[in-house]
Structure formats: C-alpha cells, structure tokens
Amino acid sequence: MRLATVEKVPQTTMNPRVKTDCWPTPEQELLLRAALLRGPQVIAAWDEWRSSVHPDRLDAASYRLLPQLYKNVHAHGIRGPLVDKLKGVYRLTWYKNQISFRHMAALLRSLHDLGIDTLVLKGVPLVLLYYRDYGLRPMADFDVLVRRGQALTAVRFLQGSGWVAADSWPETLHETYLSVGHGFGFRDAAGRRFDLHWHVFPECCRPDADDDLWDGAVTLKIDEVSSYTLNSTDHLLHVCAHGVRWDPLPPFRWIADALAIINGSTSELDWQRLLAQTEQRRLLCPLKAALTYLRDRFDAPIPAEVLRRLKNMPTSRLERIEYRYKSRNYGAKPFGYLPLHWFNYLRLEPGAGSKYNLPGFAAYLQRLCGVNSLWRLAAYAISRRARRAWRATLEVAGRWAQTQAQKR
Amino acid sequence: MASSRRFRINRPKVIDEAFDDEVVIINFETGSYYSLSKAGADVWGFIGAGAALGKIVEAIAGRYEGSRSEIEDGIQRLIAELELENLIVADGAKEPGGQAETRAPAAPASQKTAFEPPHLEKFTDMQELILLDPIHEVDETGWPNTKPTSPKDDD
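Each protein sequence line maps, in turn, to chains A and B. Residue numbering for the first sequence follows this note's numbering, beginning at 1 and increasing consecutively. Residue numbering for the second sequence follows this note's numbering, beginning at 409 and increasing consecutively.
The set of hints was computed from the structure by calculation and includes no laboratory data. None of these values were measured; they are calculated from a predicted model. Ideal Cβ positions, reconstructed from N, Cα and C, are used throughout, including at glycine. Wrong hints could be hidden among the right ones.
[Said to hold, decoys possible] Looking from chain B toward chain A, a few residues come up when the C-beta cut is under 8 Å (computed):
| hint | residue |
| --- | --- |
| 1 | Glu425 |
| 2 | Ile434 |
| 3 | Gly439 |
| 4 | Glu548 |
| 5 | Gly550 |
| 6 | Trp551 |
[Stated by the list, open to error] Simulated pairs of lysine-lysine, DSBU-like, Cα-Cα distance not exceeding 30 Å:
| hint | chain 1 | residue 1 | chain 2 | residue 2 |
| --- | --- | --- | --- | --- |
| 7 | A | Lys71 | B | Lys421 |
| 8 | B | Lys520 | A | Lys71 |
| 9 | B | Lys446 | B | Lys530 |
| 10 | B | Lys421 | B | Lys520 |
| 11 | A | Lys71 | B | Lys530 |
| 12 | B | Lys555 | A | Lys407 |
| 13 | A | Lys71 | B | Lys446 |
| 14 | B | Lys530 | B | Lys555 |
| 15 | B | Lys421 | A | Lys407 |
| 16 | B | Lys421 | A | Lys221 |
Looking at chain A on its own, in the form it has when it is part of the complex (with noise of 0.2 Å):
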C-alpha cells in the first residue's frame, strides 16, 4: 500500500505572518500550556486560547499541538464541538503513525540488510518512548542516522530505491558534501520523506563528532526491527539545540518534546552527561535559554544546579554571535543562511586560524557545493540567486492574478 505520509497542515490555517525569533507567541504558549499542563491551570489556557484564536487563522506550527490539546483538554472533562474536531486530528495522526512506521520500519530492515548501523532521531523514538501514544505528535519525515563512514552506502541505496532529494538545498549530494554536512532530506514518489544523518548536529561535524552518542545510545524496536537511539539525555540536548533557533516553520513543538523527555524518561536523566555533552560540542548557549525557558515557563523539574553550572560556563563571544544568529529570522537578513555555514566552517576547523580566513571557507562552501574551483562556486552562487529571484516573481505574480480573479 502507498500513502503519502506528508505531514499535511490545512492550507486555511497557514498564517503568513513571519516570526522573528524562534520563541512561541502569547498564542502559542497559551496553546501550549492548554495542552501540556495539568489542572485548573489547563481549563484556563484553553478558555484563554479559545477566546483569542479562531481556528480558522491557526497558524501551521500550532496545527501540529492539535492531538496533545485533544488528549489534555479532553482529560480534563473539556468537551464541545471543537474538541470533536481535535479528536478527528488524533485519529488522523494515529493513522498516519501506524502506516508509517510500518514503512519505516521495512526500510530499516533494508539498511540493517547491507550491513548498515541505524540510529534513529527526532519524532519516532519520541512517540515510541516517550509520549507512548502513536495519535499525540504528527510527523512530517523519518530521521535517521547512520555512521559516517556508511552514510554513502545508504544514499546509494536510497537513490537506487527510487529516493530523490527532497528540499532546495542541496538539490544535489555529492560526495564532498559527505564531509561537511550532517545530513540530506529525500522523499519518495509517495511522498514520504527520510531525512539521512551522517551526524546528529549540523554544528558538529568532524569525523568523530557522534562517537560518544553511539556509544551511548539505546536500543529502539520499531515494528519487531531493533535498531538504536540516543539515550534521554542526549536525546534532551537534541531537541533544546534543534529547537532553540529560527525556523520558517516556528519549531516551538521542541518544549512539548523536551518536556516529554523529562516527565515521561523511564531512567534518570543524567544531568552530569548534559552538561558534559553541551560543553563538548559548545552548544551551552541554546541549552541555557531552553531549560531556562522550561524551568520558568513550564515549572519543568530542572535541578537549580544545572541551571546555575550552566550559567557559570564559559562561553566564546563567536557562540554567543552564533545563538543570537541562528535564533532570529536569518531568513531575511541580508546574508541569510551564508552566516550559519560560516559558524559551521569555524566548528569544523579549529584550525583555520583567523575566523577571518577567507581562502579556506571558501574551499570548504566548494565541498558544500561539490564544485572545484571558485569560478564554480561563483556561478553556482549567481545561479541559485537567478532561481530564487524566478520563484520570487513567480510567486508575486500568481498572488496578483488571485487579487485580480478574486475583484472580478
């Protein structure tokens, strides 16, 4: 059978508005606190969130709240017309959950078949260890990471199996991009889409960057195939890190998976490892604001220690630049994502020596590209401004035919 396995948000209720930053609206966390707390605390988000938001202008990041405020409101004796409709977006969500793990789990096997190692991320060990409710989070792609050194065994394989690249960027893999990247969206003819890591975090990609969370990780059965995925705690640094930075898509969904982690852990989050693995990869900036916003936001049972060792941890000027960067709309400042492959590049070169050093970042955005010279990299460049400029037009011109059909 063939679904697509899209995460669908209905088009009425894309918001066109932009965010700034990548933190929720007053909206957004009254949606949140309805869904995630407990008590009389929840009957008066939702009446607040009802009051203030009409469904029909619901923006695509909150849609994605919608089974968790069913399951929430619900138990708390909320009922009424609207939450009839959250329990069809439950039902749909369990659905599509049930049909795509059952694929996922058969290309794992797959893998596992060419001698492949998997490790998977993000939503599918979420909803199997931690929420333990197929209906309660939507997904829009399977995350796994295989090792580094099989990542191009696996894009073969993908490739061979009818697998295409799924986003704008890179439209293309080449090997090069093995090297500096952490990973390649596909998808299917069915729509499905598999996101391939060759390392967890995009900040994080020297060679042995993942070792100390393979060695860490913990078995996962999805669908009676074993595979592996990072333990609670790595698994909590995975989302505040993935979540805490802008998004066009606002990723606010991480304080609900953050907060799944932390209650619904069946063993004792290791506070020490956290801290251990956030300093490793310099990642205390995101982690600080995250448990600071869960601690203060969500009353999240977050150790007063932590918080104050994290506090207390250096940070270089260049992180905190690079938090400030990647936790705004980088999408509309001049340079745009440029910056976040800077900040990458200086990651994965400690020894670049000056950060001002020109020669060797543009050596590393042609593995990037996978062209060979700068003349390349020049043209690759100017072309994808011609395409976006295109699009760009197109767009405009398609929304002014809609004004003029819509007077007529």
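Given the structure of chain A, go ahead and fit chain B onto it with the hints provided.
Frame of chain A, contents of chain B only:
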C-alpha cells in the same frame, strides 16, 4: 449458533486502539480504517480477550437493553463482517483466553442503554482521506468523517 466458537484479532496484520468509547482498527494489508462504537466496541474488546461467542452474547445482554435474539443476530452479523474484512480469524484454542473480561458485572436494568445492532464503519479511500483538512473538511464528529456535500456543491 455455535456458542463455543472463539475468534482472535488478526495480529500483526491488524492493529486496534480504544479512543474513549470508540475502537479504531487498521488492516495493514489494505490500509483500510475501521471504527466501532457502543456494543460493537464492547464485542471487539471481548473478542480481544478471547471470549467465546456465547459468553459475548451473554455479556452484551447484561449491558444493553434488548431481546436476546436481536442481540444474538446483531453480534453474529458483526462477527461475520469482521471475518470478511480479515480483522478477526477463527481461533481453535479450547481454553478461553480471557473469560474474566466478560465477567464484569452486568449493568443494573435501570442503567442499561438500548441495544443498537453494532455497525462496522469502514473507510477505504485513505489516500484521499489523509489529505483532508481535518478541521474544515470534516463533519462535527471529526476526521475521517467528511462533511456531507451540500446540494449547492452538486451543481
């Protein structure tokens, strides 16, 4: 009626989940989605617990108000439908697997609800259904029940 007949849920081809007073079922071989509620959901629960047909009828009669023959007919029809859809298969086990499940006290007569013949709702066009807007294109009971087409839309 062979009251000692027993069935089992056709796992792993079939998966089910209770959502409040409703049971939803997926047949992985076809991708079809099914829903059972009220007495149908109870019957499904008893089948899952390994109860024999006779015990299921007895338990349903203890919970719902209706004539014995009406209840028997309704349950037999549902079971035939579940078998046809490959959601359950006949189980040759002699010993009851979960008889205790049907031993739940019957509801007092005043609290019994009227028996309605159980109905297996089936949704097959899943490719289309999963692309529905689950807020705006569904009826008041939510996905996967689509909004009825208004006469205007038929024009």
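For each hint, the structure was consulted:
For B/Glu425, the suggested interface contact is upheld, since its CB lies about 6 Å from the closest CB of chain A, less than 8 Å. A hinted interface residue such as B/Ile434 counts as satisfied when its beta carbon comes closer than 8 Å to some beta carbon of chain A; here the least separation is about 6 Å, so the hint holds. The interface hint given for B/Gly439 is met, as the beta carbon of that residue sits about 4 Å from the closest beta carbon of chain A, less than 8 Å. For B/Glu548, the interface hint holds, the least distance from its beta-carbon to any beta-carbon of chain A being 6 Å, beneath 8 Å.
A least Cβ separation of about 2 Å between B/Gly550 and chain A falls short of the 8 Å threshold, and the interface hint therefore holds. Interface restraint check for B/Trp551: the shortest CB-CB distance to chain A comes to about 3 Å, inside 8 Å, so the restraint holds. Pair hint A/Lys71 plus B/Lys421 holds up; C-alpha atoms about 27 Å apart against a cutoff of 30 Å. Proximity of B/Lys520 to A/Lys71 is assessed by CA-CA distance (about 28 Å); at most 30 Å being required, the pair is judged to hold.
With a C-alpha separation of about 16 Å, the suggested pair B/Lys446 and B/Lys530 falls inside the 30 Å cut-off, and the hint holds. Between B/Lys421 and B/Lys520 the CA atoms are separated by roughly 35 Å; this puts the pair beyond 30 Å, and the hint is violated. Pair hint A/Lys71 plus B/Lys530 holds up; C-alpha atoms about 24 Å apart against a cutoff of 30 Å. For the suggested pair B/Lys555 and A/Lys407, the alpha carbons sit about 28 Å apart, so the restraint of at most 30 Å is met.
Taken as a hint, the A/Lys71 and B/Lys446 pair is honoured in the structure, with Cα atoms around 20 Å apart against an allowance of 30 Å. Under the criterion of a C-alpha separation no larger than 30 Å, the hint pairing B/Lys530 with B/Lys555 is consistent with the structure, at around 16 Å. Taken as a hint, the B/Lys421 and A/Lys407 pair is broken in the structure, with Cα atoms around 53 Å apart against an allowance of 30 Å. Proximity of B/Lys421 to A/Lys221 is assessed by CA-CA distance (about 17 Å); at most 30 Å being required, the pair is judged to hold.
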